Amino acid sequence: MKIQANLAIGGGLTALALFVGVFGPWLAHTDPIMDANLMNAELSPSAEFWFGTDQQGRDIWSRVMYGAQISLTVGIGSQLINTAIGTTLGVTAGYWGGWWDDFVNGLTNLMLAIPSLIFALAIMAILGPGLTSLMIALGLTNWSYTCRISRAQALAVRTQGYVQAARVLGYGDVRIMFTQILPNTLGPIIVIATLGMGGTILAEAALSFLGLGVRPPAPSWGSMLSDARETITTAPWLSLFPGLAIFITVLGLNLLGDGLRDVLDPQSRSRR
Amino acid sequence: MFGFVLRRVLQMVPMLIAIALLIFVLFSLIPGSFATGQQDEGLGLDMAVVARMRAELGLDDPLYVRFGRYVQQLATLDLGISFRSKQPVIEMISARLWPSLSLTAAAMGFAISVGLPLGFVAALRPGSVADLSLMVIAVSGLSLPVFWLGILLMYLFALTLGWFPSFGYGDGGLWHLALPAMALGVSPMALLARTTRAAVLDIMNADFVRTARSKGMNEFRVVVWHVLRNALVLVLTTIGLQFGSLLGQGVVVEKLFAWPGVGSLLVDSVFQRDIPAVQGCILMITLFFLVINTSVDIAYKLIDPRIRYT
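So the protein lines, in turn, are chains U and F.
Just so you know, the first sequence maps onto residues 1087 to 1358 in the numbering used here.
Just so you know, the second sequence maps onto residues 6 to 315 in the numbering used here.
Some hints could be false.
Under 7 Å between C-beta atoms, here's a sample of chain U residues computed to sit facing chain F [unchecked claim]:
| # | residue |
| --- | --- |
| 1 | L1104 |
| 2 | I1119 |
| 3 | L1196 |
| 4 | L1203 |
| 5 | I1204 |
| 6 | A1208 |
| 7 | I1212 |
| 8 | A1252 |
| 9 | A1291 |
| 10 | A1292 |
| 11 | L1296 |
| 12 | P1322 |
| 13 | I1332 |
| 14 | L1337 |
| 15 | N1340 |
Which chain F residues stay away from chain U? Per the calculated CB distances, all over 12 Å, these [said to hold, decoys possible]:
| # | residue |
| --- | --- |
| 16 | V10 |
| 17 | P19 |
| 18 | E61 |
| 19 | D66 |
| 20 | L68 |
| 21 | R71 |
| 22 | F152 |
| 23 | Y174 |
| 24 | D212 |
| 25 | E224 |
| 26 | R226 |
| 27 | G249 |
| 28 | Q284 |
With the Cβ distance kept under 10 Å, some of the chain F side facing chain U (calculated, not the full set) [as the list claims (entries may be wrong)]:
| # | residue |
| --- | --- |
| 29 | V18 |
| 30 | M20 |
| 31 | L21 |
| 32 | A100 |
| 33 | L102 |
| 34 | P150 |
| 35 | L164 |
| 36 | Q254 |
| 37 | V256 |
Please keep in mind that the hints were generated in silico from the structure rather than gathered at the bench.
Since the structure is predicted, the reported quantities are computational estimates derived from the model, not experimental observations.
Just so it is clear, CB atoms sit at the ideal spot from N, CA and C, and this is done for glycine as well.
Using the sequences plus the hints, can you model the full thing?
If you want it as structure tokens, here you go:
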């Protein structure tokens, strides 16, 4: 099969982001928090400081490298929570039907009725700032699409011959859901999780930008941009690089998601 | 038609109550309260004062009593009294409603007026340079953090070129609205362009379009009468869905541009632990989203008579 451009570019950019996320501490030149030196404050990009320095003289390159860890941890962590909640609710609702299905449907509609960033903001207000709170807040608020898709898939599959055969063979409900239904929903779910991860990384950056996510001095890309606002006239590079890092990471995930959809969920082509 | 509209509007009521319950329960989980919060802040309140404040604010009653009281208040459009400013929350929100509505409408206006024609042009010439450039713009627009875009626009158009003010509401006119609306509108514009392109491409190949052409209908009429009308249903769905993220991102844009809307009130209230104001803002934003979605549903029926609701 010919590898599509979006799959190749998206995969490459995502691999780059993951590489920086894992090896960031080795790629960084200095400690992102402790190595402040006011003598070096607001230096423009140079051979020594590739991305320049911030108001406290910290190396922006090092902070951007460390920032990848935060963004990717929140992105992957919250997407795992979303997928677990969405798939469990969706598959059980589709398979069992009845009052449970009605309940899950109602819950999904309720979730879709509240703008997800507003909902996440409310949860952050309750849990307080921090990495774990971010993962929980973004993980509890973005599962509705996964739930809808896996429910629809479970509904379509549950009357198929092989599911009935499994039932005749005496398989329990949980085993049928895991071995017969779940594998059928995996393609679309991987696509939604990839596309959703871009969204949660943007949401993490937005919450940190508002001061509700990861608090300074931790080098979150969002909070770096929040600090950079004040020096936009004197040191515009402070705004440039963290924003570019978010953009490249999310662009990679969006392209990868699009490419995966063409491969794993070809029917959706006609839906788009 | 009237019955349908009435039914759709009435369907909003149970949803609104469910949302109110969810928000209410969530905020009842907050450890501590406004009263103990003030003690934590070193205001030196002793336990007797805290107990009196709790009793005055009704925080000692059981959860269901408080929820009953809350729903009763909501029914009379009473969102409670702000813990901080001691003003009725509904008054605080009303004062900020117009700036938020104008920003949201301007952003969506920008998205529609740019995204729709772009998507349409790209679909009429698939594979062309215009089409490819549009796809690049669309994917990039969807990946841009809205506040970063806001900062870049501010730097370029306000601080460097001096064309627009860098922040603030001013008299609320287009002059002040331009940059925040553009920052907020780029992402829905990108999605709208993409959806329009896909919808128009699909419909161009449909049987009824081929039939219309073979009957000798001129191309302009084919495009306007058949293609545009059919694409509109899908485009409308995208617009409705995009309002959710527009309202969420609006909070960030309002904070960035010091825009005095409901979103910035929400963020300020979160920092001040002003629970009635936070609940009120979330409820108001959600109500607005519900109204939009209901209007989109009603608009479907006007555009496409094939759609039947049971």
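Hint check:
no., hint, result
1, L1104, "violated, 17 Å"
2, I1119, "violated, 22 Å"
3, L1196, "holds, 5 Å"
4, L1203, "holds, 3 Å"
5, I1204, "holds, 5 Å"
6, A1208, "holds, 6 Å"
7, I1212, "holds, 5 Å"
8, A1252, "violated, 34 Å"
9, A1291, "holds, 5 Å"
10, A1292, "holds, 5 Å"
11, L1296, "holds, 6 Å"
12, P1322, "holds, 6 Å"
13, I1332, "holds, 5 Å"
14, L1337, "holds, 4 Å"
15, N1340, "holds, 5 Å"
16, V10, "holds, 19 Å"
17, P19, "violated, 9 Å"
18, E61, "holds, 23 Å"
19, D66, "holds, 20 Å"
20, L68, "holds, 15 Å"
21, R71, "holds, 16 Å"
22, F152, "violated, 5 Å"
23, Y174, "holds, 18 Å"
24, D212, "holds, 15 Å"
25, E224, "holds, 25 Å"
26, R226, "holds, 26 Å"
27, G249, "violated, 4 Å"
28, Q284, "violated, 9 Å"
29, V18, "violated, 13 Å"
30, M20, "holds, 6 Å"
31, L21, "holds, 9 Å"
32, A100, "violated, 20 Å"
33, L102, "violated, 16 Å"
34, P150, "holds, 5 Å"
35, L164, "holds, 6 Å"
36, Q254, "holds, 7 Å"
37, V256, "holds, 7 Å"
Going down the numbered hints, you'll see the structure goes against 1, 2, 8, 17, 22, 27, 28, 29, 32 and 33, while the others check out.
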